[in-house]
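Which chain is which? The protein sequence lines are A and B, in order. Each residue of the first sequence is one higher than the one before, counting from 166 in our numbering. Each residue of the second sequence is one higher than the one before, counting from 166 in our numbering.
Please note: incorrect hints may appear among the correct ones.
Which copy is meant is left open, because identical chains are indistinguishable; a pair holds if it fits in one copy or across any two.
30 Å max Cα-Cα, derived BS3-like pairs, lysine-lysine [said to hold, decoys possible]:
id: 1; residue 1: K206; residue 2: K346
id: 2; residue 1: K425; residue 2: K206
id: 3; residue 1: K314; residue 2: K425
id: 4; residue 1: K346; residue 2: K314
id: 5; residue 1: K262; residue 2: K307
For the record, the hints were derived by calculation from the structure and aren't laboratory data.
There are 2 protein chains.
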Amino acid sequence: MVRIGILGYGNLGRGVECGIADNPDMRLEAVFTRRPPETVKIMTEGVPVVPAADLEKWQGRIDVLVICGGSATDMPEQTPACARLFNVVDSFDTHKKIPQHFANVDKAAKETGHVALISAGWDPGMFSVNRLYSSCILPEGKNYTFWGKGVSQGHSDAVRRIKGVLDARQYTIPVPEALEKVRSGLQPELTAREMHTRECFVVAEEGADLARIENEIKTMPNYFADYDTTVHFITMEELKRDHAGIPHGGFVIRTGTTGKDHENTHVIEYSLQLDSNPEFTASAILAYCRAVARLAAEGASGCKTVFDVAPAYLSPLSGDELRSTML
Amino acid sequence: MVRIGILGYGNLGRGVECGIADNPDMRLEAVFTRRPPETVKIMTEGVPVVPAADLEKWQGRIDVLVICGGSATDMPEQTPACARLFNVVDSFDTHKKIPQHFANVDKAAKETGHVALISAGWDPGMFSVNRLYSSCILPEGKNYTFWGKGVSQGHSDAVRRIKGVLDARQYTIPVPEALEKVRSGLQPELTAREMHTRECFVVAEEGADLARIENEIKTMPNYFADYDTTVHFITMEELKRDHAGIPHGGFVIRTGTTGKDHENTHVIEYSLQLDSNPEFTASAILAYCRAVARLAAEGASGCKTVFDVAPAYLSPLSGDELRSTML
């Protein structure tokens with residue numbers, strides 16, 4: 166039995182809680198929160214909601230703690246701090262800050278003999294694993310990653326910060342022609358604009374200047390200026406009815422060549438189509454919780470990523486079972 | 166530098182030889198053959214072709230020997246025998262005999278302190294890895310594997326054995342409607358006939374009874390009787406012109422559900438589209454040669470499969486480089 170703790174009870178924390186029920190070798194021990202515990206109602210009967218300040222008291226009662234805060238400000242503090250108390254898994258997803266985060270977490274985990282796995286999920290996570298496998302198999306080739314169709318939380322938030330916007334949802338959408346060109350094996354050079362379009366559904370305040378809002382969105386640096394963006398103004402009812410889900414997904418494609426004169430082309434494609442981004446991320450995290458518990462039991466310590474974990478560690482099945490059923 | 170030896174110089178052996186040129190950290194040391202060495206002409210300048218009987222003399226000069234014989238009769242003998250002399254990688258692909266093969270190879274490798282990795286390639290191989298990852302992430306779900314469109318060597322051989330057939334090529338083709346049904350997340354139960362069709366291009370002897378040949382193909386147990394099969398009679402010229410390649414590929418799809426009431430559906434799809442089946446298999450084998458050389462250097466021994474190898478072991482890049490470029 167892998168005893169799981171959850172730190173932070175938002176969409177991701179709830180996803181982890183749901184996922185535990187699908188893994189008979191796991192059990193939820195406690196949910197830790199920075200909010201007043203009595204205000205947090207969880208789904209699992211009989212499991213305590215505990216103030217995050219009491220984490221230390223739970224040492225020895227939890228095999229793996231899942232860090233379910235945000236990557237921007239929570240995880241850079243929480244993951245190293247918690248790795249001093251427990252084995253931990255997080256889904257840190259600020260790609261360019263991963264090396265620094267890794268170093269901080271590795272130090273904490275090594276000094277205290279814990280195993281910490283960072284950046285589990287799908288990107289980083291399963292997309293990363295697929296980039297790595299296919300790059301190793303086809304050294305002469307090129308990787309492409311497309312995201313969507315799906316809701317980008319960061320871009321939705323950016324639209325919400327515009328004056329006169331009550332709520333908004335932003336979808337990132339791969340350009341079908343770009344996907345086809347990549348799959349052809351031609352290894353095209355593609356700009357941001359050629360790979361993705363952005364679509365925004367915006368609820369504006371009554372009487373707001375819609376033309377100004379649309380213009381502010383479309384010209385926003387980093388977020389929208391480099392993309393073809395469509396803006397739809399809708400009512401709050403429409404937003405709630407048609408855009409309540411958090412779908413996402415995408416494609417990792419590598420094309421490459423082999424042969425004496427590189428005359429043969431190969432296409433490796435991995436794709437995800439997810440009804441719920443946080444629940445899928447939570448499901449990947451849980452598979453890595455199993456791996457972390459095993460690595461810890463073997464005496465490992467320090468920070469790991471999905472690159473460092475052999476696939477068999479994710480499974481509840483034995484090596485014999487895996488070889489006879491899945492190989 | 167990983168020093169590679171190749172045992173057996175057919176399509177796969179040639180693919181391994183080509184692939185080494187794309188991996189700057191690998192070098193071909195020798196090709197071993199059971200044929201008279203002077204009859205085997207390889208592509209790489211300055212590399213010796215050596216009688217297989219002399220393998221033992223090359224101990225210490227080769228880091229990993231790639232077994233490029235056939236799965237039916239060669240590998241069950243060669244892989245355990247060679248694992249007593251070298252670290253080895255094979256692409257043993259008789260799925261139901263893998264447990265026995267694993268046991269034989271494991272014994273030989275453990276007794277002599279070598280690392281042996283069996284069943285590298287794409288199925289078994291990358292398809293297996295993807296079945297495993299997605300099964301662990303979505304425990305509530307169902308796996309599907311589709312093969313093709315591609316040339317099945319075993320089925321082509323079966324057609325060639327029919328009286329009156331001079332040559333033949335058999336393509337396995339996924340049924341598009343079945344693929345779509347699977348991707349919908351409905352988790353359908355599908356029969357062999359519903360998942361794949363088979364298409365044969367046959368060159369018959371002059372005056373042969375074509376109706377009898379077609380009937381013998383379509384009713385052949387195990388190979389064709391359970392499928393909808395189309396037979397085309399063509400000339401030898403047409404066969405050589407239009408069917409000289411060895412393309413293959415396929416799809417591994419898992420669909421599953423998450424959420425409190427399993428209300429959210431997810432689709433994980435991995436697909437390959439390969440111009441050359443043996444060259445892609447060879448490319449995967451080489452990535453695992455790198456991993457085997459590292460495992461051996463770390464002091465590991467015994468038989469491994471793709472399930473037992475962390476992705477980072479396949480890459481020439483360091484952990485730091487991988488985390489900053491691919492995670």
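Next item on the list: Check K314 against K425 for me: Cα-Cα at most 30 Å, and say if that holds within a copy, between copies, both or neither.
Entry: between (39 Å within a copy, 24 Å between copies)
Next item on the list: Pop the pair K262 and K307 into one bin, within, between, both or neither, using alpha-carbon distances up to 30 Å.
Entry: within (24 Å within a copy, 36 Å between copies)
Checklist line | Homo-oligomer pair classification [K206, K425; C-alpha up to 30 Å] | finding: between (63 Å within a copy, 14 Å between copies)
Notebook entry, point to check: Quick one: K346 to K314, C-alpha cut-off 30 Å, is that within a copy, between copies, both, or neither?
Noted result: both (18 Å within a copy, 20 Å between copies)
Check: Between the shortest in-copy and the shortest cross-copy C-alpha distance, which are at most 30 Å for K206 and K346: within, between, both, or neither?
Finding: Close neither inside one copy (49 Å) nor across copies (38 Å); limit 30 Å.
Against the hints set out earlier in the document, a violation occurs for number 1 only.
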